[in-house]
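Sequence lines, in order, name chains C and A.
Here the working numbering is used: the first residue of the first sequence is 1, the next is one more, and so on.
Here the working numbering is used: the first residue of the second sequence is 1, the next is one more, and so on.
Everything labelled a hint here was simulated from the structure, so no lab data went into it.
As the structure is a prediction and not an experimental result, all values here were calculated from the model.
Any given hint could turn out to be false.
As the list claims (entries may be wrong) - Sample of chain A residues with no beta-carbon within 10 angstroms of chain C, all distances over it, derived:
no.: 1; residue: D9
no.: 2; residue: A18
no.: 3; residue: D24
no.: 4; residue: D28
no.: 5; residue: P54
no.: 6; residue: R66
no.: 7; residue: A88
Claimed, not checked - Cross-link-like lysine-lysine pairs, in silico, DSS-like; alpha carbons within 30 angstroms at most:
no.: 8; chain 1: C; residue 1: K274; chain 2: C; residue 2: K84
no.: 9; chain 1: C; residue 1: K280; chain 2: A; residue 2: K92
no.: 10; chain 1: C; residue 1: K336; chain 2: A; residue 2: K92
no.: 11; chain 1: C; residue 1: K394; chain 2: C; residue 2: K264
no.: 12; chain 1: C; residue 1: K109; chain 2: A; residue 2: K76
no.: 13; chain 1: C; residue 1: K379; chain 2: C; residue 2: K457
no.: 14; chain 1: A; residue 1: K92; chain 2: C; residue 2: K99
no.: 15; chain 1: A; residue 1: K92; chain 2: A; residue 2: K76
no.: 16; chain 1: C; residue 1: K99; chain 2: A; residue 2: K76
no.: 17; chain 1: C; residue 1: K390; chain 2: C; residue 2: K336
no.: 18; chain 1: A; residue 1: K19; chain 2: C; residue 2: K139
no.: 19; chain 1: C; residue 1: K274; chain 2: C; residue 2: K256
no.: 20; chain 1: C; residue 1: K379; chain 2: A; residue 2: K92
no.: 21; chain 1: C; residue 1: K394; chain 2: C; residue 2: K277
no.: 22; chain 1: C; residue 1: K109; chain 2: A; residue 2: K19
no.: 23; chain 1: A; residue 1: K19; chain 2: C; residue 2: K280
no.: 24; chain 1: C; residue 1: K280; chain 2: C; residue 2: K390
no.: 25; chain 1: C; residue 1: K336; chain 2: A; residue 2: K19
no.: 26; chain 1: C; residue 1: K375; chain 2: A; residue 2: K76
no.: 27; chain 1: C; residue 1: K277; chain 2: A; residue 2: K19
no.: 28; chain 1: C; residue 1: K375; chain 2: C; residue 2: K220
no.: 29; chain 1: A; residue 1: K76; chain 2: C; residue 2: K344
no.: 30; chain 1: C; residue 1: K58; chain 2: A; residue 2: K92
Yeah, the Cβ is synthetic: ideal placement off N, Cα and C, and Gly gets one too.
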Amino acid sequence: MTFNYFEHDLASLHNQLVNREITATELTEATIDNIANTDEQLQAFISTNPDEALAQAKLIDEKGNFDNVLTGIPVGLKDNLATKGIQTTGASHILEGFKPIYNATVVEKLSNSGAVSVGKTNMDEFAMGGSTETSYYKKTTNAWDHSKVPGGSSGGSASAVAGGQVPFALGSDTGGSIRQPAAFNGIVGMKPTYGRVSRWGLFAMASSLDQIGPFTRTVKDNATVLSAIAGFDAHDSTASQREVPDFSAKLTGDVKGLKIAVPKEYFGEGIDPKVAKQVKAAIAQLEALGATVDEVSLPHTKYGVAAYYIIMSSEASSNLQRYDGVRYGFRADDVKNLEDLYVKTRSEGFGDEVKRRIMLGTFSLSAGAYDAFFKKAAKIRTLLIEDFNKVFEKYDVIVGPTAPTVAYGLGEEVDDPTAMYLADVLTIPVNLAGLPGLSVNAGFVDGLPVGLQIIGKPFDEETVYQTGYAYEQASHLFDQHPDIAKKY
Amino acid sequence: MAETTITRDEVAHVAGLAKLAFNDAELDQFTTQLSDILNIFDTLSEVGTDNVDPTYSVTETVNHLRDDVADNWGQKQELLDNAPLAAAGLIKVPAILDGEGE
């Protein structure tokens with residue numbers, strides 16, 4: 001028996017559990033059925049763990065304590081989040097069969113909240129890509145059109161939530177990997193401020209950029225999940241020691257007097273005019289609700305992609321040195337000596353996109369290139385941050401499109417790395433500056449969702465959610481569902 | 001600034017540093033693709049950055065440290081279970097030099 005998550009937000013699920021209208025076991029069973037019923041179309045999960053999930057749900061029902069809002073509610077986890085005793089691959093061949101011996105902090109926090117993890121979602125290999133097509137295991141499809149990409153790298157999590165398999169999921173975002181797939185699938189995705197959520201147990205791609213965040217169908221649900229996963233962690237030396245506020249505090253629907261900045265660069269060259277039009281209509285709606293809207297400039301925006309790909313690939317090339325075939329995962333056969341084992345394992349175990357980034361990073365950090373590339377990119381990063389600081393002296397949030405286009409066809413861009421890199425232009429600066437960024441659905445172009453990106457000051461997720469909530473309540477776009485909703 | 005170019009030999013050299021091996025066709029493909037990407041990187045030279053400090057991290061404060069106390073240990077068997085090859089409670093790898101067996 002399946003369960004129709006399109007008709008219930010997290011608060012509604014919580015009430016049904018509290019009132020014993022449904023048990024955690026029934027909800028978990030139904031979620032497993034949801035995935036069995038639709039994953040042939042969506043291909044959102046690399047693996048599921050029904051036995052562990054049902055055992056956990058049974059314990060929850062026996063205890064009968066549903067005080068926590070997430071207790072008994074199923075969740076999907078991106079397959080780069082370490083789950084103890086459950087295969088975690090990062091969608092890479094090189095980690096096939098790897099079972100972490102500990103839980104990522106976010107996994108532990110969700111588990112302590114009573115959320116029930118039902119499986120690991122597909123992604124680009126080691127989160128490198130924007131379409132989930134670089135996964136070694138499968139090609140996930142867009143929940144609205146199964147011939148289109150779900151975006152990436154957290155495409156499995158986005159598709160699973162948008163396709164109604166699970167009520168929420170976690171992803172990670174290094175250059176847009178939560179916000180862009182959320183946009184492509186018409187749901188809500190948050191990349192929190194750098195340091196807001198512990199990165200411990202997240203497979204490191206670029207450690208100065210990576211953040212974990214939630215995918216949900218509504219802004220309120222998103223704030224609820226972020227509250228559960230945020231906070232200090234001694235295991236992540238960059239986790240913020242700030243108090244975690246109530247992220248739902250400003251979800252009133254009121255944005256009167258809110259000062260919104262719209263960067264002219266976010267509507268420049270390369271942005272599909274239909275997407276621009278849709279996003280401008282969303283901004284007009286915020287203005288009609290009483291916000292003030294002004295055009296501003298973030299002059300270094302166009303240099304973000306180059307700076308990002310240098311910094312990210314440099315950090316990734318260093319982080320991915322650990323995959324050498326010695327301690328876990330795949331090991332190449334037929335090797336002559338230890339050096340040969342490293343080289344063959346890595347050459348056979350990594351896909352092309354991962355190799356490209358390792359090569360770019362190794363090159364950018366090499367003696368002759370360090371100053372001209374790595375150090376130069378770090379200086380451009382300073383200029384991008386100063387651009388944001390200047391705007392935030394006068395404005396509360398910055399808004400624009402999340403991605404330059406709607407979802408494109410499967411196979412269309414995967415062989416053209418430069419085109420795929422340039423498509424990250426609108427999300428990348430937010431990671432370089434460590435800011436919070438949210439994507440909410442802003443309507444449709446040719447039947448495919450368009451994302452409105454809302455960027456906030458550091459640690460001001462509350463105002464970002466306030467803005468997203470006001471727009472969502474005014475537009476009521478969450479009432480529109482993809483065809484796959486009929487399967488539940 | 002002149003366009004940065006990368007030769008096939010340089011790609012092979014960087015691959016060696018990164019412990020990756022490419023066949024001839026892959027070397028050609030990576031040389032072309034990396035050159036295209038380096039052309040994007042070259043746009044940064046348009047921006048004057050003489051008096052700009054580099055940013056390597058966006059943490060608010062200095063990284064915090066914790067006491068050096070083990071809190072996740074005693075899982076030797078689980079660690080060994082993940083190793084592709086283990087023997088006598090140790091992870092097994094081939095010899096460093098050719099022809100010396102295991």
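Tested hints:
no., hint, in the structure
1, D9, "holds, 13 angstroms"
2, A18, "violated, 4 angstroms"
3, D24, "holds, 14 angstroms"
4, D28, "holds, 13 angstroms"
5, P54, "violated, 3 angstroms"
6, R66, "violated, 4 angstroms"
7, A88, "holds, 16 angstroms"
8, K274/C <-> K84/C, "violated, 45 angstroms"
9, K280/C <-> K92/A, "violated, 60 angstroms"
10, K336/C <-> K92/A, "holds, 14 angstroms"
11, K394/C <-> K264/C, "holds, 16 angstroms"
12, K109/C <-> K76/A, "holds, 25 angstroms"
13, K379/C <-> K457/C, "holds, 21 angstroms"
14, K92/A <-> K99/C, "holds, 19 angstroms"
15, K92/A <-> K76/A, "holds, 14 angstroms"
16, K99/C <-> K76/A, "holds, 13 angstroms"
17, K390/C <-> K336/C, "violated, 58 angstroms"
18, K19/A <-> K139/C, "holds, 28 angstroms"
19, K274/C <-> K256/C, "holds, 28 angstroms"
20, K379/C <-> K92/A, "violated, 44 angstroms"
21, K394/C <-> K277/C, "holds, 25 angstroms"
22, K109/C <-> K19/A, "violated, 37 angstroms"
23, K19/A <-> K280/C, "violated, 48 angstroms"
24, K280/C <-> K390/C, "holds, 23 angstroms"
25, K336/C <-> K19/A, "holds, 15 angstroms"
26, K375/C <-> K76/A, "violated, 41 angstroms"
27, K277/C <-> K19/A, "violated, 47 angstroms"
28, K375/C <-> K220/C, "violated, 40 angstroms"
29, K76/A <-> K344/C, "holds, 27 angstroms"
30, K58/C <-> K92/A, "violated, 40 angstroms"
Of the numbered hints given earlier, the model fails hints 2, 5, 6, 8, 9, 17, 20, 22, 23, 26, 27, 28 and 30; all others are met.
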